[in-house]
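**Q** One letter stands for each residue in the lines below.
Number of protein chains: 4
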Amino acid sequence: MSDNTFGKYLRLTTWGESHGLAIGGVVDGCPPGLTLNEELIQPFLDARRPGSSKHVTQRKEPDQVQILSGVFEGLTTGHPISLLIENQDAKSKDYSEIANSYRPGHADYTYDGKYGFRDYRGGGRSSARETAIRVAGGAIARQILGDQISLGAALVQIGNMPVDRSNWDWAEVKKNDLFCPCAKTAIKWEEYLHKTRKSGNSVGAIVEIIASGLPIGWGAPVYGKLDAMIAGAIMSIPAAKGVEIGAGFAAAAMTGTEHADEMVLKNNKPAFLSNNNGGVLGGISSGQDIIVRMAVKPTSSILTPRRSITRDGNEINLSTKGRHDPCVGIRAVPVAEAMLALVLADAKLQHRAQTGRDGAAWDK
Amino acid sequence: MSDNTFGKYLRLTTWGESHGLAIGGVVDGCPPGLTLNEELIQPFLDARRPGSSKHVTQRKEPDQVQILSGVFEGLTTGHPISLLIENQDAKSKDYSEIANSYRPGHADYTYDGKYGFRDYRGGGRSSARETAIRVAGGAIARQILGDQISLGAALVQIGNMPVDRSNWDWAEVKKNDLFCPCAKTAIKWEEYLHKTRKSGNSVGAIVEIIASGLPIGWGAPVYGKLDAMIAGAIMSIPAAKGVEIGAGFAAAAMTGTEHADEMVLKNNKPAFLSNNNGGVLGGISSGQDIIVRMAVKPTSSILTPRRSITRDGNEINLSTKGRHDPCVGIRAVPVAEAMLALVLADAKLQHRAQTGRDGAAWDK
Amino acid sequence: MSDNTFGKYLRLTTWGESHGLAIGGVVDGCPPGLTLNEELIQPFLDARRPGSSKHVTQRKEPDQVQILSGVFEGLTTGHPISLLIENQDAKSKDYSEIANSYRPGHADYTYDGKYGFRDYRGGGRSSARETAIRVAGGAIARQILGDQISLGAALVQIGNMPVDRSNWDWAEVKKNDLFCPCAKTAIKWEEYLHKTRKSGNSVGAIVEIIASGLPIGWGAPVYGKLDAMIAGAIMSIPAAKGVEIGAGFAAAAMTGTEHADEMVLKNNKPAFLSNNNGGVLGGISSGQDIIVRMAVKPTSSILTPRRSITRDGNEINLSTKGRHDPCVGIRAVPVAEAMLALVLADAKLQHRAQTGRDGAAWDK
Amino acid sequence: MSDNTFGKYLRLTTWGESHGLAIGGVVDGCPPGLTLNEELIQPFLDARRPGSSKHVTQRKEPDQVQILSGVFEGLTTGHPISLLIENQDAKSKDYSEIANSYRPGHADYTYDGKYGFRDYRGGGRSSARETAIRVAGGAIARQILGDQISLGAALVQIGNMPVDRSNWDWAEVKKNDLFCPCAKTAIKWEEYLHKTRKSGNSVGAIVEIIASGLPIGWGAPVYGKLDAMIAGAIMSIPAAKGVEIGAGFAAAAMTGTEHADEMVLKNNKPAFLSNNNGGVLGGISSGQDIIVRMAVKPTSSILTPRRSITRDGNEINLSTKGRHDPCVGIRAVPVAEAMLALVLADAKLQHRAQTGRDGAAWDK
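Chains as they are written, first to last, in my numbering: chain A, 4 to 367; chain B, 4 to 367; chain C, 4 to 367; chain D, 4 to 367.
Derived from the structure by calculation, the hints contain no laboratory data. Watch out, some of these pointers could steer you wrong.
Stated by the list, open to error - Below, simulated EDC-like cross-link-like pairs (lysine to aspartate or glutamate); rule was C-alpha separation at most 20 Å, straight line: (1) Lys269/B with Glu318/A; (2) Lys57/A with Glu193/A; (3) Lys324/C with Glu64/D; (4) Lys198/B with Asp92/A; (5) Lys178/D with Glu194/D; (6) Lys272/C with Asp315/D; (7) Lys201/C with Glu261/D; (8) Lys178/D with Asp167/D; (9) Lys272/A with Asp366/A; (10) Lys272/C with Asp115/D; (11) Lys63/D with Asp92/D; (12) Lys63/A with Asp49/A; (13) Lys324/D with Glu261/C; (14) Lys198/A with Asp366/A; (15) Lys324/A with Asp49/A; (16) Lys272/D with Asp115/C; (17) Lys272/A with Asp315/B; (18) Lys177/B with Asp167/B.
Keep in mind the model is a prediction, meaning the values are calculated, not measured.
From just these sequences and the hints, can you work out the full model?
**A** Have a look at this one:
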């Protein structure tokens with residue numbers, strides 16, 4: 004990972020600001036011969052799109068992706084795939100107040116500190132708008148992973164209300180506006196979000212991402228561990244403040260007899276009796292589901308006035324109007340799923356480079 | 004991060020197995036003219052050293068580091084610094100049982116799956132023995148960071164017993180064998196660990212790492228975020244299962260009014276009223292303390308027999324004898340601190356490359 | 004250098020095919036606060052532009068570059084700079100013959116071998132059209148280098164006719180269509196090229212690139228040598244078959260007394276009596292002019308029929324019609340200059356990262 | 004390539020100075036299961052070893068390589084391979100003269116400029132002693148390439164005396180001390196070198212390196228071109244001043260009808276009628292022999308006094324005594340061969356990562 008490039012074997016480089024002409028990205032290292040077109044990418048972008056429900060920002064962006072290179076007659080050529088999405092609803096307005104003040108919890112202060120000035124329109128490069136291209140890149144990563152590997156993500160907590168896991172239904176995730184896998188919980192969350200927004204506030208959330216169907220052997224030891232790559236990828240999502248694998252932080256309170264996933268033979272094949280390690284052992288995929296959770300902080304942009312300072316050194320009370328998500332964790336769901344897809348596709352290519360195989364030694 | 008190399012601008016490449024002749028590493032990209040010698044590194048290694056108390060593995064290793072290159076007349080030359088530590092207490096014994104069985108929670112099964120076979124002596128490359136070189140690398144990173152930046156790490160939870168934060172004393176961390184910042188908590192933990200070990204079990208833990216004195220501006224947006232780098236670095240530590248920054252997972256249950264750190268002027272200088280963001284805003288250091296927590300799973304190697312399978316496809320009950328840490332989180336404390344030092348030194352060099360400055364634009 | 008990305012500290016990633024909708028690139032790692040706009044880039048693109056004289060391809064492309072990100076109020080922000088050039092004269096014609104045959108000296112055969120198929124329209128990704136973005140990237144690199152460093156490039160040989168060096172005039176390079184630093188030689192070359200084109204043939208050339216004003220200290224030892232970086236960069240230009248530094252291949256026939264550049268004091272400052280090393284000693288800039296030469300092969304696309312084979316395994320006689328440069332070395336001149344600019348900007352950032360300085364230790 | 008690390012998919016990181024305790028390196032990314040031991044590496048080191056004939060430096064180094072990690076029971080494990088060679092004949096002597104003066108043609112002046120000071124003993128990091136580890140790394144690269152690919156290198160010119168190519172005999176290369184493929188030329192060269200050394204002088208040379216048996220498809224377009232990688236690798240060898248592929252600089256004087264390698268069918272398989280492109284088309288291997296030539300400058304360390312300056316600003320006449328090669332091109336032969344092996348192994352892994360194949364699409 005190098006500033007604006009993600010991945011080593013499969014590389015996604017993104018560019019663009021919230022209120023520029025467009026945002027975009029380049030996917031390099033993609034295998035040739037894979038089916039790819041805009042229609043395969045668009046559904047993932049639609050899931051992340053702003054303005055799709057009252058629980059997310061009301062900025063209206065069709066987020067229509069264009070593929071400008073790297074595809075010929077419907078197939079990837081092995082050359083860089085250029086992706087472009089126009090910014091259509093970038094409001095031209097008076098930015099003088101934002102330009103001179105530091106919004107609490109935002110990158111305004113640190114960008115000025117690092118670069119000496121900043122593109123303040125809509126947060127510029129620090130805007131979560133950049134994540135649209137991650138989602139597009141994730142759709143390409145899925146084509147590399149193939150049908151054998153399935154990915155899913157859901158919101159599992161809003162505020163202090165966890166989802167009812169006994170009622171988990173993946174189909175439900177696509178039915179409600181909150182990526183909630185339990186219909187009843189979704190209703191409770193909607194009410195709570197409504198109140199939160201009305202009161203000029205916002206709230207945090209937890210996202211869970213799961214990948215199934217991995218072979219044994221993806222990832223690498225030491226610094227290239229699959230879980231280390233995942234942690235870096237997930238924490239690079241705007242507003243992410245924590246990431247855990249398998250039992251995660253709960254592992255701290257567990258004993259060795261509880262945590263270590265025992266193995267048995269099922270139908271003469273190796274099987275695990277639990278998955279506290281979240282599908283990764285020693286940094287390498289074990290064939291079990293990859294289980295990741297991400298903590299997302301509450302949106303920093305809120306109507307309720309907060310104390311802050313201006314660029315020229317005065318104290319102010321700042322109320323952020325604009326169009327903002329009351330719970331930025333919602334739209335982080337498809338983004339987190341895309342980042343996991345990108346990590347796994349990268350790991351697949353690493354494994355191929357070093358071993359010449361797609362899967363385990365014994366699957367050769 | 005590329006398999007066995009950590010960092011982009013400052014790069015640490017490590018090598019070696021638990022029971023080979025030696026372990027070592029190479030630090031590349033180090034600025035010239037810094038004071039460096041073995042005596043500056045050794046204290047950090049001593050803190051991580053096995054056999055130093057009854058709460059850690061009884062393997063006896065002096066862990067004397069040798070600098071083989073990159074230093075001339077006591078100063079770094081700007082050329083690669085080669086570090087070497089001999090393995091002295093690698094027991095030559097009968098490994099046939101380990102060779103043929105997969106220890107639950109270990110990399111045995113996944114290494115065989117990825118590579119087709121493995122160096123099973125003491126876990127080979129998957130052994131936490133590799134982390135000694137991380138600690139040595141971290142000591143070099145500290146020289147790059149200079150005196151202005153201070154780092155500290157402590158154990159803040161063992162099992163379900165958190166430290167008494169009202170009684171936090173950094174001096175205490177160096178006094179007890181558990182890196183515990185509260186003397187009373189340390190006694191409770193020692194008793195619990197004693198029982199745990201006696202019962203052939205192990206337990207998880209949480210480590211907290213803090214860095215103070217950073218300028219505003221280190222880190223980069225998007226994929227090079229300082230917190231993303233930290234998350235990847237921390238999760239690459241053996242047995243790590245979770246990482247969080249600032250309020251971390253607790254942020255999920257917070258509202259925007261609670262979480263967003265308000266700013267004021269103190270003595271005419273910008274100041275924050277809280278630090279829920281853990282010293283990072285938009286991926287870039289804000290000048291506040293960097294606060295990181297890592298969840299460490301319980302040692303998988305326990306005396307209590309666990310179900311597992313053999314390489315040739317039979318079910319077994321496996322009791323791991325050997326010399327193992329009952330709480331691997333203890334020795335992870337200096338390792339986590341070293342990883343944070345390496346990330347920060349890398350970020351310092353990134354900032355210099357792009358801006359030509361060590362600190363904030365207004366400190367020029 | 005990683006497939007479609009050039010550079011480590013300053014990174015240019017390019018994308019696009021000869022006959023796609025557009026070509027483009029992303030410059031990442033650029034320092035903030037530099038003046039940048041399309042007008043600063045365009046003159047360099049105009050120098051490389053096709054259709055500008057009868058000696059180059061007659062494809063008409065205005066090559067108007069658009070900056071889509073990374074610049075705010077006329078200054079670079081430190082964020083990725085997205086560059087885009089539309090393809091306007093990509094002829095829609097019958098490609099069936101090209102699609103099925105391998106043009107000698109081209110990438111047709113090897114692309115099919117590597118990827119299984121190829122975008123055959125105008126050579127797809129293998130077309131020198133990609134070099135327009137290198138030229139745009141080079142213009143940005145110049146802004147990073149600043150006014151102190153000046154770059155120039157010229158054609159010094161066409162066929163077996165070297166330029167008359169005794170008559171070298173940098174101003175002349177911009178006056179004729181051949182980047183020739185001698186007006187008389189230019190006339191001879193023009194006549195020769197006219198004949199060559201008429202006879203359905205093409206010819207090779209040698210380009211010389213010079214950079215002045217470098218401080219002492221850019222570059223790095225071993226694999227990061229400044230001359231190694233230059234060699235890789237130059238050889239990545241389409242049709243390049245050789246690269247040399249300073250005396251280059253002539254050094255093979257020299258003795259140590261002739262070659263080693265002696266040093267003296269001039270006005271109390273270190274000075275060299277010759278520059279056989281081309282401004283690089285031990286991989287690091289010596290403050291002398293960087294002198295590089297590149298051999299360019301004759302255009303492979305010629306009217307004269309050549310023997311070749313088809314994709315489906317038949318022998319053919321192939322005459323390449325289309326619009327092609329009779330001497331591809333001409334338009335390689337601004338491309339080579341751009342690549343040297345990119346290498347030097349990368350080296351400047353490397354030097355800053357490691358030493359915290361822009362120049363020599365004694366200039367601090 | 005990143006300062007002291009070579010390669011992207013297969014990475015060699017080297018360390019060590021001429022007069023330190025040892026030199027060494029780490030090979031990362033190596034496929035598992037390959038046969039490897041010291042005996043496989045040693046013959047290549049012996050070919051490069053100093054003191055092996057009167058035509059090379061008289062420093063006596065056994066150059067016995069030790070493998071410290073990454074190999075288990077005679078096979079590579081897929082983990083980093085640590086290589087170490089002790090420095091045994093590093094003379095402890097009075098370096099005060101060297102410490103204070105800048106040897107013409109050496110890195111003394113530029114190292115001081117970049118780093119502020121230098122390890123002056125035997126040239127420190129700038130010494131060609133580092134190339135021993137390249138040769139060891141090249142031996143590992145050969146194991147990755149396998150038996151199908153063969154590499155050879157020879158000296159083809161010393162001073163202005165080219166080898167008699169009509170009399171080329173690969174077997175002869177191993178028989179004489181000069182890696183000369185013609186017995187008669189070898190005798191002429193030996194006489195000339197004897198005179199050159201006696202007169203306190205040195206001379207340049209040209210090395211040719213050839214690789215056979217490559218599949219079609221290794222390499223990548225644009226910046227990852229196989230010939231660009233080779234050019235960077237070769238130019239990183241100490242004293243290299245030029246590199247060319249196939250016809251190289253001679254291509255400048257050729258026409259398109261002469262240069263473009265025509266294709267025919269031989270035994271129903273694609274075949275080329277010439278190899279002016281040196282086995283690379285569009286940056287990707289064509290299946291023909293890879294042909295590379297490197298220009299090596301005359302040794303800068305000569306007995307004949309040369310003008311130079313001291314660190315503290317005085318003019319001097321410098322005669323370099325010590326133990327030096329009269330023609331450093333000789334020992335560059337095995338080094339160049341090793342670098343080509345490293346590039347090709349890297350390209351093999353790149354090709355596998357992206358395509359999942361070792362060879363051409365039609366060889367699947």
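**Q** For each hint, tell me whether it holds in the structure or not.
**A** Hints, one by one, checked against the model:
Restraint check for Lys269/B and Glu318/A: the C-alpha separation of about 10 Å stays at or below 20 Å, so the hint holds. Note on Lys57/A and Glu193/A: the hinted pairing holds, with a Cα-Cα distance of about 10 Å set against a maximum of 20 Å. The hinted pair formed by Lys324/C and Glu64/D fails the criterion: a straight-line CA distance of about 61 Å is larger than 20 Å. Distance hint between Lys198/B and Asp92/A is unfulfilled; the C-alpha atoms sit about 63 Å from each other, more than 20 Å.
For the given pair, Lys178/D sits about 17 Å from Glu194/D by alpha-carbon distance, which is consistent with the 20 Å threshold. Under the criterion of a C-alpha separation no larger than 20 Å, the hint pairing Lys272/C with Asp315/D is consistent with the structure, at around 11 Å. Taken as a hint, the Lys201/C and Glu261/D pair is honoured in the structure, with Cα atoms around 17 Å apart against an allowance of 20 Å. About 16 Å separates the Cα atoms of Lys178/D and Asp167/D, which keeps this hinted pair within 20 Å; it holds.
A threshold of 20 Å between alpha carbons decides the hint, and for Lys272/A with Asp366/A the separation of about 12 Å falls inside it, so the pair holds. With a CA separation close to 15 Å, the supplied pair Lys272/C and Asp115/D stays within the 20 Å bound. Our distance criterion of 20 Å between C-alpha atoms is met by Lys63/D and Asp92/D, whose separation comes to about 6 Å. Restraint check for Lys63/A and Asp49/A: the C-alpha separation of about 12 Å stays at or below 20 Å, so the hint holds.
Distance hint between Lys324/D and Glu261/C is fulfilled; the C-alpha atoms sit about 18 Å from each other, no more than 20 Å. Between the alpha carbons of Lys198/A and Asp366/A the distance comes to roughly 54 Å, so the proposed pair goes past 20 Å and is violated. Restraint check: the Cα-Cα separation between Lys324/A and Asp49/A comes to about 25 Å, which exceeds 20 Å; the hinted pair is violated. Taken as a hint, the Lys272/D and Asp115/C pair is honoured in the structure, with Cα atoms around 15 Å apart against an allowance of 20 Å.
Restraint check: the Cα-Cα separation between Lys272/A and Asp315/B comes to about 11 Å, which is no more than 20 Å; the hinted pair holds. About 17 Å separates the Cα atoms of Lys177/B and Asp167/B, which keeps this hinted pair within 20 Å; it holds.
In the structure shown, a violation is registered for the earlier hints numbered 3, 4, 14, 15, in ascending order.
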